[in-house]
Amino acid sequence: MEIVLAVAIGVLSGCGVWLLLRPRTFQVVIGLTLISYAVNLFIFSTGGLRIGAEPVLSGATGTLALFADPLPQALVLTAIVIGFATTALLLVVIMAARGLSGSDHVDGTQGES
Amino acid sequence: MTTHLAIAPILLPLAAGATLLLVKKRSTSGALAIAASAVLVLLAAALAVVTDRGGGEGVTLVYRVGDWPAAVAIVLVADRLAAAMVLLASVLGLVNTLYGFSRWSRLGPYYLALSQFLLMGLNGAFLTGDLFNLFVFFEILLAASYGLLLHGSGAKRVGAGLHYIVINLAASLLFLIGVSLIFGVAGSLNMAALAGLIPTLPPQTRSLAHAGAAILGVAFLIKAAAWPMGFWLPRTYEAAAPPAAAMFAIMTKVGVYAVMRLGLLFFGPHAAASAGFGDAWLFVTGVATVVVGVVGMLAANDLGRITGYSVVVSAGVLLSAIVFRDAAVLAGALLYLVISTLGAAALYLLDGLIGPDDVIPDEPPLLEAYDPEGAGAFTEEDETAVVIPAPIGVLSAGFLICTLLIAGIPPLPGFLAKVAMLAPLLHAPAGPTPGAAAILATVVIASSFFALFALARAGVQIWWAESRRVPPTIRLGEAAPLAALLMTCLLLTFVVEAPLGFLQRAADQALEPARYAVPVLGGAAP
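Protein chains in written order, with our numbering: chain P, 1 to 113; chain U, 1 to 526.
Keep in mind that the hints are not guaranteed to be accurate.
[Said to hold, decoys possible] Subject to a maximum C-alpha distance of 25 Å in a straight line, what follows is the list of computed SDA-like cross-link-like pairs (lysine to any residue): (1) U/K156 <-> P/R22; (2) U/K156 <-> P/D104; (3) U/K156 <-> P/V29; (4) U/K156 <-> P/V92; (5) U/K156 <-> P/Q27; (6) U/K156 <-> P/L34; (7) U/K156 <-> P/T109; (8) U/K156 <-> U/G268; (9) U/K156 <-> P/R98; (10) U/K156 <-> P/I3; (11) U/K156 <-> P/L100; (12) U/K156 <-> P/D69; (13) U/K156 <-> P/S103; (14) U/K156 <-> P/L89; (15) U/K156 <-> P/A74; (16) U/K156 <-> P/D107; (17) U/K156 <-> P/G47.
Bear in mind the hints are in silico, worked out from the structure with no lab data behind them. Every value quoted in this text rests on a predicted model; they were computed, and no experiment measured them.
When you get a sec, could you build the whole thing from the sequences and use the hints?
Spelled out as structure tokens, the structure:
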């Protein structure tokens, strides 16, 4: 399970970085989104991966080791919300830049290539 | 009662900003914003006074949100260093609001409200005692800064804003990776708890914690515009409206503050095998930043861009000065932080006065798209502007003061700050690399000379070379805040002992993580 998650994070961030370095604004947005998926999965994995563990303390028995760590889940929720809001803002700015410059190139002009 | 003083600098701008979104009448919103900013300055001053009580020890205010123990919940911590930064941000906020109110806030909706939200994010970032909360406050201040940067719209601002937002989103993702690595290794996000946990890490996970701290550091260095991650800054700040750019002058210092705070807490001499982690890298980065900034100042031929590179230079000087972990050097560096921030802000405001009068279009483009009913725009006409006679004389005097402040020429406090920073260096505290003290002293002195050169050249171009230029009309509402800011800097020349003494005590306190950690964790017994 660790291998599957690690490969998923690696593929997502690899694709994301490649797209982030592309010259079109749409590719940049998709790249940022993919990296943020990778980061969210990464935060989630820092709590340790367990199958079927209780999310919160239920009953008085057992130790904390039996339960899934709730803190990374809270962190990942916050990160998702903030990333969502800032990406939405970025989309508005991209639309404005497209309208003002007439090009979807990140520099506003086509450039050489 | 005084405990609540630690959260007041966050709540007041939040309440003021939220109210300002609802107020439609221009005069009311202006009065409200100015009153809130002025009260915030008083609150920040009160915070500084309270944290400075109790002799040399000082008082560390700890605000436990919801009264949960520090180890499991969010804390806000106000010590002298945080109080000094909050005071600096509040002063800039007041100047920005006063300056922007009369003319620049009419360029688009919600300028004053966004300034308040930016202040909230800044104060929160300075006061928080929790790594993830630091991320949240960074996002708040960045979101507000996106709005302020785009204020007024236009192709230049939108183009610069696009790059700025993408770079900061990428940096935020690095921030999250660093935070979660540290959390995964140490199991806590509380900065005071981490200061105690890092020395006790087993060797096999210590390198992972170092990797997390390094990634976190890269995120902060991007915000601090350190070389090679700072090329976004001059273009972005130049594109922003002048009062917004003046406000942004402190945003690189948030990155520097975070590096300083976390570096001193996590990797001080107490940190066993982690002591001094990253210091050599930070020093090299800082010196390279100064060099690149100076070259940029010399190459730029526009006042806004020269000021942007001077912000880069000051960030570089600060980054390379804090790695000495010496109280006297740190105190001088903090004074330099205050003076260089105020100087850069004043220069941006001055640039706004000098600049062409036609930058405010009659119909701001794209406004309808964001604000179809014109809810945020002010339709009333500007009140009769009081125009000051002899504008060139007044402006060039202001420019002279700004130049002396930024280049650090006697007798102004820019010089005093550099002396306070460089004099202890001559006694050669052990730096991170061989000859570090000599390198830093040389670089700082050379950067002063070249800054003077670049600004003098810009002055010649502005005041003497263009003989046909129409003398700009300057309005009292804009000149008065700038004059007040410059007068404050001039006054600092005579009373510099008081702030320097305060910063000296702040540096002493910041260099001992126990004095930060014990009050935070002290009442933690669940």
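Hints and how they fare:
Pair hint U/K156 plus P/R22 holds up; C-alpha atoms about 21 Å apart against a cutoff of 25 Å. For the hint pairing U/K156 with P/D104, the CA-to-CA distance comes to about 15 Å; that is within 25 Å, so the pair holds. Distance check on the hinted pair: U/K156 and P/V29 sit about 20 Å apart at the alpha-carbon level, within 25 Å; holds. Simply put, U/K156 and P/V92 have alpha-carbon atoms about 16 Å apart, close enough for the 25 Å limit, and the pair holds.
Restraint check: the Cα-Cα separation between U/K156 and P/Q27 comes to about 22 Å, which is no more than 25 Å; the hinted pair holds. With a CA separation close to 28 Å, the supplied pair U/K156 and P/L34 exceeds the 25 Å bound. Simply put, U/K156 and P/T109 have alpha-carbon atoms about 12 Å apart, close enough for the 25 Å limit, and the pair holds. Among the hinted pairs, U/K156 with U/G268 is inconsistent with the structure: their alpha-carbon atoms are about 44 Å apart, more than 25 Å.
Between U/K156 and P/R98, the direct Cα distance comes to roughly 12 Å. Compliance with the 25 Å bound is thereby established for this hinted pair. Note on U/K156 and P/I3: the hinted pairing is violated, with a Cα-Cα distance of about 46 Å set against a maximum of 25 Å. About 9 Å separates the Cα atoms of U/K156 and P/L100, which keeps this hinted pair within 25 Å; it holds. Distance restraint check for U/K156 and P/D69: the Cα-Cα separation of roughly 47 Å exceeds the 25 Å cut-off, and the hinted pair is therefore not satisfied.
A C-alpha spacing of about 14 Å is found between U/K156 and P/S103, which places the hinted pair at or below 25 Å, so the restraint holds. Straight-line distance between C-alpha atoms of U/K156 and P/L89 comes to about 18 Å, which keeps the hinted pair within the 25 Å bound. Simply put, U/K156 and P/A74 have alpha-carbon atoms about 39 Å apart, too far for the 25 Å limit, and the pair is violated. For the given pair, U/K156 sits about 11 Å from P/D107 by alpha-carbon distance, which is consistent with the 25 Å threshold.
Between U/K156 and P/G47, the direct Cα distance comes to roughly 44 Å. Violation of the 25 Å bound is thereby established for this hinted pair.
The structure is inconsistent with the numbered hints 6, 8, 10, 12, 15 and 17, although it conforms to all the rest.
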